[in-house]
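Undergrad: Single-letter residue listing:
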Amino acid sequence: MAVSGKVIKTRIKSVSNTKKITKAMEMVSAAKMRKAVSAALDTRIYATIAWDLLINLSKTEKEGIPLLEIRQVKRMLVILITSNRGLCGSFNSNIIKKTAIQLKNPRNISFQRAHNKHTQPSEHVEIDVIGIGRKGADFCKKNGYNLIASFNSISDKPQLEDVLVATQIVIEDYKTKKYDKVVVAYTDYRSVVSQEAKIRQVLPISEFDLEKTISGLGKNENLLNRTLSKEPQEKISEYLFEPSKKEVLKTILPRLVEMQIYQSLLESSASEHSARMMAMKNAGDSASDMIKELNLTYNKTRQAGITQEIAEIAGGAATLG
Amino acid sequence: MINFKIVTPERLVYENEIYQVSIPTTSGEITVLPSHIPMVSVLAVGELKIIDKDGEHPYAVAGGFLEIQDENKIVVLADKVERADTIDVERAQEARKRAEEEMIKAKAGEDVDFARLQALIDKEMNRIRVGNKYRKLK
Chain E
1 MAVSGKVIKT
11 RIKSVSNTKK
21 ITKAMEMVSA
31 AKMRKAVSAA
41 LDTRIYATIA
51 WDLLINLSKT
61 EKEGIPLLEI
71 RQVKRMLVIL
81 ITSNRGLCGS
91 FNSNIIKKTA
101 IQLKNPRNIS
111 FQRAHNKHTQ
121 PSEHVEIDVI
131 GIGRKGADFC
141 KKNGYNLIAS
151 FNSISDKPQL
161 EDVLVATQIV
171 IEDYKTKKYD
181 KVVVAYTDYR
191 SVVSQEAKIR
201 QVLPISEFDL
211 EKTISGLGKN
221 ENLLNRTLSK
231 EPQEKISEYL
241 FEPSKKEVLK
251 TILPRLVEMQ
261 IYQSLLESSA
271 SEHSARMMAM
281 KNAGDSASDM
291 IKELNLTYNK
301 TRQAGITQEI
311 AEIAGGAATL
321 G
Chain Y
1 MINFKIVTPE
11 RLVYENEIYQ
21 VSIPTTSGEI
31 TVLPSHIPMV
41 SVLAVGELKI
51 IDKDGEHPYA
61 VAGGFLEIQD
71 ENKIVVLADK
81 VERADTIDVE
91 RAQEARKRAE
101 EEMIKAKAGE
111 DVDFARLQAL
121 IDKEMNRIRV
131 GNKYRKLK
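Residue numbers (UniProt numbering), protein chains in the order written: chain E, 1 to 321; chain Y, 1 to 138.
What the hints contain is simulated information worked out from the structure, not anything from laboratory work. Quick caveat, the model's predicted, so the values are computed rather than measured. Glycine included, each C-beta is placed from N, C-alpha and C at the ideal position. Some clues are possibly wrong.
[Said to hold, decoys possible] Among the chain Y residues that face chain E by a calculated CB cut under 7 Å, a handful are:
1) R11
2) M39
3) P58
4) V75
[To be verified] Partner residues are not named here, just some residues of chain E that face chain Y (Cβ under 10 Å, in silico):
5) Q168
6) E242
7) T251
8) E258
9) M259
10) Q263
Given these sequences and hints, build the entire structure.
TA: Take a look at the structure:
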């Protein structure tokens, strides 16, 4: 008899306690995830309408509007959205890995893509990072990337106000030409079991990237009775703009930036909770397996102990008799 | 009847068939009746008033834009919307006081956040005004 029954019993107890904890965390994450997903879907209405408006306005001259200006990239900014807490499987490591690849090779990501012309980045591209969530900020500090700001106090239910400070920095620095390109690294929520780390361009506002973000928002199409691909070309002349097209664009463009970053944050939050839920579910399952195995071993040792005792008694009786 | 929607980045606030709506825009308040021509405009801080079959519904809005589409459809994309009767006037007053105090500090020192603070004060003033106006009605 190698292990005593008592040791195994303690082991079983501790594993079942762990199982209780993971089960509770799984349930909490499931509830949070549902909320996060519905929040992500709710912003889609706004996003779609704002997007439609932008398409309607896209025929206007692009010069003179700083947020649409495409420049050669000398310095760029990455907004890295991660979680504040751990225990969520590979959620953080996936997005950090993806970002790290880009940070190591900045020339590739700083290539400007537009409809008709591509702009090569300059020889040496510098990258700064804004970290949303503690894990991403920690990563930057550890690896010596230039972290200009970090937001660690964003709640589980992000409000638009939470990202306004970050978007303010982004928009101002883009206008003053400190940065020539801004991207956001976030985790796209596909379903409970699948999330994907993604990097999307925020500034200059790219119709291509924005459309990808919006069309990726959930697959529940019956909500979307206004499709993205309607023909806005004929409608443009019919619109009346008050006070002027330029004024309208000035209001709508920063909103679109805010919206895109906010949406990324919501997607990440939904992904984080579902990743945590899956991680906890797996942990709970393996705890169950472990308990089963330990129970088997326990019973075996108990049985062995009894058998041995009987054998001893029988042996003793035989010598006496 | 007009199909009317108020949307914020967070959620869909209001959707209904309405008779008319008064909207504060940067170029003055407009009232939209059915069969309005398509228009895009910028929202100002102020009071938005909807009239539908149940009567008047006042809202406090703060910035954003609106789109009047064909076929009697209006969409208001607001940064912030609040129903007049859910406004907590006391809290709005406190918020305004805080903003004004900050403003005094900012005036003494640097003037970086001047515009933002002024906008904040305007928003809270608007909430107080709209909130007070309809508190008595209840």
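Undergrad: Decide, hint by hint, whether the structure agrees.
TA: Hint check:
no.	hint	result
1	R11	holds (4 Å)
2	M39	holds (4 Å)
3	P58	violated (22 Å)
4	V75	holds (5 Å)
5	Q168	holds (9 Å)
6	E242	holds (4 Å)
7	T251	holds (5 Å)
8	E258	holds (7 Å)
9	M259	holds (6 Å)
10	Q263	holds (9 Å)
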